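Construct all of the structure, not just a fragment, from the sequences and the given hints.
Listed below, chain by chain, are the residues.
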Amino acid sequence: MSFNPLHPSEKQAREREQLSGAFDEGGLWEDRRVLAGASTQLLSHYVYGTLRDLEAGRYTLDAPLYDLVFQEPFTFDAATDVHSLYGPDLSEVPVGARIEAGTPDSLRARDGTRHAVWVNVNMIYSHGDVISIDDENTLTLQQAHEGSARTLLVDEVSTVNSPRGDLASIEAGDHVFFTGMAETAELSCPRIHVVVLNHTQPI
Amino acid sequence: MASVNGSAGIDDCSAGQGSCHANGCAGSCSNNAYQMSYPNYGDCISDHHCSANTGVPYAGAHQCGNSNIQVYQKSCANISAFPQLKDCGPPARQASGGYCVSKRQAVVACLNSAAFSALCNGCNPATYGLIGANFITS
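Protein sequences appear in the order of chains A and B.
In this text, residue positions in the first sequence follow this note's numbering: the first is 36, and each later residue adds one.
In this text, residue positions in the second sequence follow this note's numbering: the first is 176, and each later residue adds one.
Keep in mind the hints are simulated off the structure, nothing from the lab.
Just so we're clear, the structure is a prediction, and the values are computed from it rather than from any experiment.
Mixed in with the good hints there might be a few duds.
Looking from chain A toward chain B, a few residues come up when the C-beta cut is under 8 Å (computed) [stated by the list, open to error]:
1. L78
2. Y81
3. Y101
4. V104
5. D116
6. H118
7. L120
8. Y121
9. E135
10. W153
11. N155
12. H162
13. T235
Backbone N, C-alpha and C fix where the C-beta goes; we use that ideal spot for every residue, glycine too.
Listed below in structure tokens is the structure:
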């Protein structure tokens, strides 16, 4: 299975064009946003939900869209890019885990079932102010939006975009954006295994 | 017409409902819809009502999440004009694609992973984290 991200499907290109606001004049973007918010359909290229059940090579998610919940299946295979603390074998992921998947239109089955080119399990995307650098592999930050403290764990597969590419060149009070795998499905999970950490500049 | 150049960071629903930023201004949070904050994001950090700060560029009066976002889809050449740019992608991504930035830059807006993935042609947002963007403001 292959997927070239530089050659999006026509539908993806349309969606991107809408997002780009290339034709936006006098509030059309707002109109699109309202329409998107009122949609009763899931996005085509992406789906997020909690794992409802699993069988060989196939997941079904409870996918929320505002007040609606869809039971949305998708398939995956050995070529699917997996980010999971349960290992690359997605059969070990427990029911209730938070799942997001990239499902390009070009890989839909004849019955419309999605196929995932990437799957993330219990992924967190957020940011905050650094409280301390605890050791060369551990950073504690104050979650933005008045959240609680989180511990970010860096290992050999993490990417740290900082002045020297490590935690040592980040200081208390700095701001960082991060992506990472939480140890539980809870959105407030305090321990995150970093995929990418970006030491960011204030505007 | 003015613009703000910088990065958009991903801010998903982990901050909870009603938080200001990619979740929309004090609105509902949904991972299965496109959501993003407006360009003067930095002024919105501690403001749960997301009142627009007219002292900095923003898109649409008194709107939050009403941003016009344009990504670098054809070339990275324009980025050289900006003094603080940041590499947000893997080393191989040095040309084309909305996520192509090469140095460090400020984060000026946030979006959720669904929107991020659409803007980077279906990439896995977890492996990028930031996307270079030029925000056209009114």
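Status of each hint after checking the structure:
A least Cβ separation of about 6 Å between A/L78 and chain B falls short of the 8 Å threshold, and the interface hint therefore holds. Taking 8 Å as the C-beta cut-off, the interface hint given for A/Y81 holds, the closest approach to chain B being about 5 Å. Given hint, A/Y101 at the interface with chain B, holds; its Cβ is 6 Å from that chain's nearest Cβ, closer than 8 Å. Interface hint status for A/V104: violated, as the beta-carbon distance to the closest one in chain B is roughly 10 Å, over 8 Å.
Of the supplied interface hints, the one on A/D116 holds, with its beta-carbon coming within about 6 Å of a beta-carbon of chain B, less than 8 Å. This hint holds: A/H118 has a C-beta 5 Å from the nearest C-beta of chain B, less than the 8 Å allowed. Interface restraint check: A/L120 against chain B, minimum CB-CB distance 13 Å, threshold 8 Å, status violated. The restraint placing A/Y121 at the interface with chain B is violated, with a minimum CB-CB distance near 15 Å, outside the 8 Å limit.
With a cut of 8 Å, the hint placing A/E135 at the interface with chain B holds, because the nearest CB-to-CB distance is about 6 Å. The interface hint given for A/W153 holds, since its Cβ lies 4 Å from the closest Cβ of chain B, which is under the 8 Å cut-off. For the restraint placing A/N155 at the interface with chain B, the shortest Cβ-Cβ distance is roughly 5 Å, inside the 8 Å limit, so the hint holds. Taking 8 Å as the C-beta contact cut-off toward chain B, the hint placing A/H162 at the interface holds, the least distance being around 6 Å.
Against a cut-off of 8 Å between C-beta atoms, the interface hint on A/T235 holds, since the closest Cβ of chain B lies about 5 Å away.
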